[in-house]
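Protein chains in written order, with my numbering: chain A, 467 to 580; chain B, 2 to 117.
Hints listed in this document are in silico derivations from the structure and should not be mistaken for laboratory results. We put the CB at the ideal spot given by N, CA and C, even for glycine. Hints are not guaranteed to be accurate.
Unchecked claim - Residues of chain A clear of chain B, computed beta-carbon distances all greater than 10 Å:
#1 V485
#2 T490
#3 K539
#4 S540
#5 Q567
#6 T569
#7 S572
#8 G573
Claimed, not checked - Ranges between beta-carbon positions, derived for each pair:
#9 E63/B / Q496/A: 41 to 47 Å
#10 L579/A / E63/B: 30 to 36 Å
#11 T16/B / E510/A: 24 to 30 Å
#12 L579/A / G41/B: 22 to 28 Å
#13 V544/A / V55/B: 43 to 49 Å
#14 K536/A / I13/B: 19 to 25 Å
#15 N524/A / S83/B: 40 to 46 Å
#16 V15/B / A547/A: 44 to 50 Å
#17 V15/B / S494/A: 17 to 23 Å
#18 M28/B / Q474/A: 32 to 38 Å
#19 P96/B / N524/A: 41 to 47 Å
#20 T87/B / K482/A: 37 to 43 Å
#21 K536/A / L117/B: 27 to 33 Å
Stated by the list, open to error - Mimicking DSS-like on lysine-lysine, the simulated pairs with C-alpha atoms at most 30 Å apart in a straight line are:
#22 K539/A / K58/B
#23 K539/A / K482/A
#24 K19/B / K469/A
#25 K70/B / K18/B
#26 K72/B / K58/B
#27 K469/A / K66/B
#28 K66/B / K19/B
#29 K469/A / K539/A
#30 K536/A / K469/A
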Amino acid sequence: AQKITQTQPGMFVQEKEAVTLDCTYDTSDQSYGLFWYKQPSSGEMIFLIYQGSYDEQNATEGRYSLNFQKARKSANLVISASQLGDSAMYFCAMREGSSGQLTFGSGTQLTVLP
Amino acid sequence: EAQVTQNPRYLITVTGKKLTVTCSQNMNHEYMSWYRQDPGLGLRQIYYSMNVEVTDKGDVPEGYKVSRKEKRNFPLILESPSPNQTSLYFCASRPLAGGLDYNEQFFGPGTRLTVL
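My request is simple: use the sequences and hints to build the entire structure.
So, in structure tokens, the structure goes:
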């Protein structure tokens, strides 16, 4: 079974609008971490936001917020006020277990339209 | 500047010709790892290391070797590359910080490898 599922291979959003990128995860661990990374066309991996499994508040970083619904095992990324520079591939990832290994989803290609 | 560096950034080689991709970090991180990225599959971990002389397999270790003789370096070795190892490779590092506490993994810029 997939540990991280991103069901949206591609998404389009109009500039200045908000967009939600979906991520569901599967784990039996009580302690785990959820991450979102951005990969622009230049290829580098840019860390966006982190949510710990015990964090009661949803994580926020500027225009990024993580909608964490633990019971539903979802960790959706919300980007408010989209900008053209937000066009990129977005990856959801989970860290669990003593090895601290990151498991990634297959990614969502976001295109922001002017 | 805190960073993870990888060399080379681009490499085209032929089947069977041994190659090494270097990875170095200047943040004194204990944990280092290698990933490969393929379309539709996201990033998959190849090997990781939790400290000097301690390495372990990730999800896709076949065809790869690693070593961790120094804390800062974690080279990826392909003894006999094959076309199915054509991929984008990332090295990453982070401190252990007592286990699962640390929130960010620092990635290198990536190495695009083509095996003909």
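- Honestly, do P96/B and N524/A meet the 41 to 47 Å range at C-beta? 25 Å, violated
- Message: Just to be sure I understand the hint, the distance between the Cβ atoms of M28/B and Q474/A should be within 32 to 38 Å; is that true here?
- Response: Given range 32 to 38 Å: holds, Cβ gap about 34 Å.
- Item | Satisfaction of the hinted span 43 to 49 Å by the C-beta atoms belonging to V544/A and V55/B | With a Cβ separation near 38 Å, V544/A and V55/B fall outside 43 to 49 Å, so the hint is violated.
- Can you let me know if the beta-carbon spacing of E63/B and Q496/A is within 41 to 47 Å? Taking Cβ atoms as reference, E63/B and Q496/A lie about 32 Å apart, which means the hint is violated.
- Query: Falls inside 19 to 25 Å, the C-beta gap from K536/A to I13/B?
  - Reply: 46 Å, violated
- Message: K539/A and K482/A were given as a pair; does the straight-line alpha-carbon distance stay at or below 30 Å?
- Response: Within the cut-off at roughly 28 Å; holds.
- Item | No chain B beta carbon within 10 Å of T490/A's | 14 Å, holds
- Message: Just to be careful, I want the Cα atoms of K469/A and K66/B compared with a cutoff of 30 Å; is the pair within it?
- Response: Measuring from Cα to Cα gives roughly 25 Å; hence the hint holds.
- Message: Within 40 to 46 Å: is that where the Cβ-Cβ distance between N524/A and S83/B falls?
- Response: 44 Å, holds
- Holds or violated: 27 to 33 Å for the Cβ distance of K536/A and L117/B? Distance hint for K536/A, L117/B is violated at roughly 47 Å.
- Item | CB-CB spacing for E510/A and T16/B relative to the 24 to 30 Å hint | Check passed, 29 Å falls within 24 to 30 Å.
- Task: Given the hint that K536/A pairs with K469/A, test it: the Cα-Cα distance must not exceed 30 Å.
- Result: 15 Å, holds
Violated hints, listed in ascending order, are 5, 6, 7, 8, 9, 10, 13, 14, 17, 19, 21 and 24; each of the other numbered hints is respected by the structure.
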